[in-house]
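Colleague: Residues per chain, in single letters:
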Amino acid sequence: MQVRFGGFGLTTAGIQTWRGLGASARLGWQVSSNWTSPGVFLVYSVLRPISAALILTVIYQVITRGRASTYLAFLITGTAFWSFVQQGLSGFANAILDDRGQYRMLKYIYIAPLPFGVYLVGRAIAQLAGAAASAVIVIGLGTITLHLPINPLRANWLLLGVACLLAFAAIVAIGMAFTFLLLAGRDTHGYGEIGAGVLYVISGAIFPIGILPGPLATIAALSPLAYWMELVRRSLLQAQAYQMFPGLSDVDVLIRLVASTIGTVVVASLVFRWADRRGRQQGYVDRDVQW
Amino acid sequence: MSRPSALRIFVKTVIARAYPRTVGHARNWSWVVIEIVLPLIGTVAMVYVYRALRAPAEYTGFVVLGGTLLAFWQNIVFDMAGNFIWERGGSNLELFTVAPTTFTAILLGMALGGIFYTAQRAAAVLLVTSLLFQVHYRPAGIAPAVGLLALTLLALYALGMLLASLFLFFGRSAWHALDGMQEPVYFLSGFYFPVHSLGAYVAGAASIIPLTLGLDAIRQVLLPGTPVFLAPAWEAGLIALQIPAYLLSAQWALRMMERLARRDARLSMRWV
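Chains A and B supply the protein sequences, listed in that same order. Mapped onto the working numbering, the consecutive letters of the first sequence carry residue numbers 1 to 291. Mapped onto the working numbering, the consecutive letters of the second sequence carry residue numbers 1001 to 1272.
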């Protein structure tokens, strides 16, 4: 059956999918935020990235003794946008593991008519939305208090938007695959933090990947997150950006981001399917664990 | 049949509660991995930040010692302060409440067991990062550092007992509060840089957390060239004062929170 909206047609299955996506995103947002008032939730959301930015600012000031450098902006932008990975991977994994272990409702969602992948994407969108607020606040505060060379009128918003969309696809794919692998364990609450931590080291969020030892630098160069971070800095800081890949143009970095994102999504989908099949066989989705 | 003395019950409770933390904890490899790898990753990341800034070599030592003590703070946050939230979730809290013992003994057992197993994780982090990044310590400073660490841990776990009692009353919001306490404390206690860099007022206020003073003193005795916030002897004296202060506060807070929680029937509520 098809329903017409103006010039657009949507099948009832399509409408149900969109409704399911919206409902799961709303659910995710409620679970993350309804434990307190919106103001306290906002403070809680920005506490971690602001503290991380403060740590890096003090380190920077101690070592450079206030000498002007583009590296401070490198650190603050990396920390601000890292919230997306933190929430999309660690926050998402904990949320799904809580759905199974604490709230014991993952099994019901799994057998609901809504495709399970849609539910997971919806929950991931809620996590990323929470991260967006903290990223904006950290960048805004950093620009005002630390005089970072960010001018909203000169920023390349199109490049930033495209880079972020690609990175979000990669983050959601990694998050879904990683979380389904974690369902195999009994006490894996917190392992999302380890996953995000490993990516933190190899993503160029707070230092250029070039200073990593050889094999790690090679792995880091395959990750879309390093190219995403580079494009975030180039789009916001323009000529003032401290570049990890000075030999590459914006287009070259974007091509690498597209290629590495496609690779990541394909590999993550295969891992997710395998973990999903294994989870069904072994009964991981309705396992009574941890809590 | 004679009733066992209160002291005997207290001591047996301490041992009984410490047992799952010393023996039981080691059986769960997923916890062992997370407790070692998480501080390790943070330490490695910060070492590379210093390297990218071409910082002097002693800063690597500052980060490594901070990363080592970070394992204790994570233990305080999640296994001490947050413990009664887990116990409530697992329905143990109501059993603790009706048992013929005290919450103080239970918390003391948790603290002693926590110190024992976290010390092993911290030693692993110290060993791996020191070897990986070739950190050199002053040999004459090792014995004083061990003494300072012992003193710091006593004060820190007394603070953990105080936090645990405060969170006896609260539910889901307390868990988020604990989660949100991590990074600000990493900043205020100077886990990744000498606390002297924060200036006298901020560092002085942050000294309410025993790790701030303890970590600074340990750095000073082990790593020559550490910027001095306070002399190690002064820092040791202040930490020694914090031990009875936090223990007495914990005792008082436990009584008050238990009374409140009983009155509002929150001890048996799983999700509040």
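None of these hints come from the bench; they were simulated from the model. Small disclaimer: the values here were computed from a predicted structure and weren't measured. Think of the CB as a built atom: it goes at the ideal place given N, C-alpha and C, for glycine as much as any other residue. Take these hints with a grain of salt, some might be off.
[To be verified] Not everything, but these chain B residues come out facing chain A in the computed CB check (under 8 Å):
| hint | residue |
| --- | --- |
| 1 | 1055 |
| 2 | 1173 |
| 3 | 1184 |
| 4 | 1200 |
| 5 | 1251 |
| 6 | 1252 |
| 7 | 1256 |
[Claimed, not checked] Every beta carbon over 10 Å from chain A, so not counted as near; a handful from chain B, in silico:
| hint | residue |
| --- | --- |
| 8 | 1049 |
| 9 | 1052 |
| 10 | 1119 |
| 11 | 1123 |
| 12 | 1135 |
| 13 | 1138 |
| 14 | 1182 |
| 15 | 1191 |
| 16 | 1197 |
| 17 | 1236 |
| 18 | 1238 |
| 19 | 1255 |
| 20 | 1263 |
Colleague: Does the interface hint hold: is residue 1173 of chain B within less than 8 Å of chain A, judged Cβ to Cβ?
Modeller: Cβ of residue 1173 of chain B sits 5 Å from chain A, so the hint holds.
Colleague: With a cut-off of 8 Å, does the beta carbon of residue 1256 of chain B approach a beta carbon of chain A closely enough for the hint to hold?
Modeller: It is violated, given that the least Cβ distance between residue 1256 of chain B and chain A is near 23 Å, above 8 Å.
Colleague: Does residue 1052 of chain B clear chain A by more than 10 Å, comparing its Cβ with all Cβ atoms of that chain?
Modeller: violated, 4 Å
Colleague: A cut-off of 10 Å on Cβ-Cβ distance, and residue 1191 of chain B was said to be off the interface with chain A. Does that hold?
Modeller: At roughly 8 Å from the nearest Cβ of chain A, residue 1191 of chain B sits no farther out than 10 Å, so the non-interface label is violated.
Colleague: Interface hint check: residue 1252 of chain B, Cβ to nearest Cβ on chain A, cutoff 8 Å. Holds or violated?
Modeller: Hint violated; residue 1252 of chain B Cβ to chain A Cβ min 26 Å, cut 8 Å.
Colleague: Please confirm whether residue 1123 of chain B is truly not at the interface, meaning its C-beta sits more than 10 Å away from all C-beta atoms of chain A.
Modeller: Nearest chain A Cβ is 20 Å from residue 1123 of chain B, so the label holds.
Colleague: Does residue 1184 of chain B pass the interface check with chain A, least Cβ-Cβ distance below 8 Å?
Modeller: Status holds, d = 5 Å.
Colleague: Would residue 1255 of chain B pass as off the interface with chain A, using Cβ distances and a cut of 10 Å?
Modeller: It holds; residue 1255 of chain B is separated from chain A by about 27 Å at its closest Cβ, greater than 10 Å.
Colleague: Just to be careful: measuring from the Cβ of residue 1200 of chain B to every Cβ in chain A, is the smallest value less than 8 Å?
Modeller: Status violated, d = 15 Å.
Colleague: Beyond 10 Å on every Cβ pair: is that true for residue 1182 of chain B relative to chain A?
Modeller: Residue 1182 of chain B not clear of chain A: closest Cβ-Cβ about 7 Å, inside 10 Å.
Colleague: Answer holds if the nearest beta-carbon of chain A is closer than 8 Å to that of residue 1055 of chain B; otherwise answer violated.
Modeller: holds, 5 Å
Colleague: Closest CB-CB distance from residue 1236 of chain B to chain A, is it above 10 Å?
Modeller: holds, 25 Å
When each numbered hint is compared with the structure, violations occur for hints 4, 5, 6, 7, 8, 9, 14, 15, 16.
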